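S.K.: Taking the hints into account, I'd like the entire structure generated from these sequences.
Number of protein chains: 2
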Amino acid sequence: MTTKLYCFGESGNSYKAALALELSGLDWEAVWVDFFSGAARSPEYRALNVMGEAPVLVDGDLTLSQSGVIQMYITEKTGKFGGTTPEEAREVMRWMFWDNHKMSSQAGMTRFLMNFLPEKHRNADVIAFNVGRLQAALKVLDQALEGKDWLVGDGITNADLSCCGYLFYPEPFGFEREAYPNIDRWLGNISALPGWKHPYDLMPGNPSDRA
Amino acid sequence: MTTKLYCFGESGNSYKAALALELSGLDWEAVWVDFFSGAARSPEYRALNVMGEAPVLVDGDLTLSQSGVIQMYITEKTGKFGGTTPEEAREVMRWMFWDNHKMSSQAGMTRFLMNFLPEKHRNADVIAFNVGRLQAALKVLDQALEGKDWLVGDGITNADLSCCGYLFYPEPFGFEREAYPNIDRWLGNISALPGWKHPYDLMPGNPSDRA
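Sequences listed follow chains A and B, in order.
With the first letter of the first sequence counted as 1, position 79 gets the number 79 in the numbering used here; the numbers rise by one all the way through.
With the first letter of the second sequence counted as 1, position 151 gets the number 151 in the numbering used here; the numbers rise by one all the way through.
Hints were generated in silico from the structure; no laboratory data involved.
Predicted model, so just to flag it, every value in this text is computed and none were measured.
C-beta atoms are modelled at their ideal positions from N, C-alpha and C, and glycine is treated no differently.
Treat the hints with care, since some could be wrong.
Claimed, not checked - To be clear about the criterion: a stretch of chain B counts as covered by chain A if any three or more of its residues have a C-beta under 8 Å from a C-beta of chain A, and this derived list gives those stretches:
#, stretch
1, 23–30
2, 177–190
Claimed, not checked - Across the chosen pairs, the derived CB separations fall in these ranges:
#, chain 1, residue 1, chain 2, residue 2, range
3, A, His121, B, Ala179, 23 to 33 Å
4, A, Ala136, B, Lys148, 18 to 28 Å
5, A, Asp184, B, Ala47, 21 to 31 Å
6, B, His121, A, His121, 16 to 26 Å
7, B, Lys120, A, Glu29, 47 to 57 Å
M.R.: See the structure below:
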């Protein structure tokens, strides 16, 4: 049975799992979660993931949520993206936790506040606060990529797949590639990989559907 | 050589690692990071952790940062807190990622904004926004603990050690134990464990030092 990933195009956390699946060579298919119509809050979806989040991976009897856990499972199945030594493996995990804690958490929220939340509910102070947190994280990432093609080792790992989750999106959210030259170059390395796809090409659903 | 944990009492992320070390039975000592005087931004500390964060664990030649990675290392060394089956291990990782992404990230920031940021810099809208995000996470945690003593399996794991990181602190940050009866009961289970210590007793540094 083909592995299914419940996801939607706007979700950078879904993209981390979808891109890992796509680049791993595993056979998988995307199942659209109509997040913006509240599908993730339905009882059916809550049965899949009580946290009401995407992505969720279903592989036979196994159901996994949290993009980081799905990425670790893809590594377990394919031997890819996890680092090649115990030291690299720990460094990969470090970036995954850092990304979840400091970067994607801010990037996803800031992008939501600036683009998907109805204008009447937007608050300039709250947006500025979140942009500030995000930009502090982007600076750390940019410095870590100085002189390096990949965050850990000689090729793409879950560290890169996690940290890039929100950074290919075109909507404004306080991130401009030209302001972070190392991030810009590194995103170029990722998008040059054979099989790479933009989130809106890799997963169903994008803002123009709702325009 | 004794394992060293660079940490400070106010840091819930440090507490996750410190409590895991303490309950694991490993020999360790705390090294105070004078975070509020900017010690984590010093060149010496940046050499230890370029992200300028606490905690950092130093065990012989090994230097690790990110509480989640330190927790995984303690599990590797002791066999404790990682779950007893592959399914449990994934479920433990799921809660660790969820905590980093959705809960501690908000709890730490909200507590900082409400208590440690000078009053003149506090913004009521920003605080309300962060309290809202935190309370949504607390609700998910409270529901997950319904009828359960521990998040995963029959005893304490890294899931509990991660999620409780900020929840024993006395300062106001939008969390009151009595509003979340399952969390309240579960925190009681944790603090009843032999060897448990409150963050301000387990690690050096607390707000009264700076009063």
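S.K.: Give a verdict on every hint.
M.R.: Do the hints match the structure? See the list:
1. 23–30: This one is violated; 0 residues, fewer than the three required, reach chain A with a Cβ under 8 Å.
2. 177–190: With 0 residues closer than 8 Å to chain A, the stretch 177–190 of chain B misses the three-residue bar; violated.
3. A/His121 to B/Ala179: 23 to 33 Å: 25 Å, holds
4. A/Ala136 to B/Lys148: 18 to 28 Å: This hint is violated: roughly 36 Å between Cβ atoms.
5. A/Asp184 to B/Ala47: 21 to 31 Å: 27 Å, holds
6. B/His121 to A/His121: 16 to 26 Å: 24 Å, holds
7. B/Lys120 to A/Glu29: 47 to 57 Å: About 54 Å separates the Cβ atoms of B/Lys120 and A/Glu29, which means 47 to 57 Å holds.
In this structure, the earlier hints numbered 1, 2 and 4 are contradicted, and the remaining ones agree with it.
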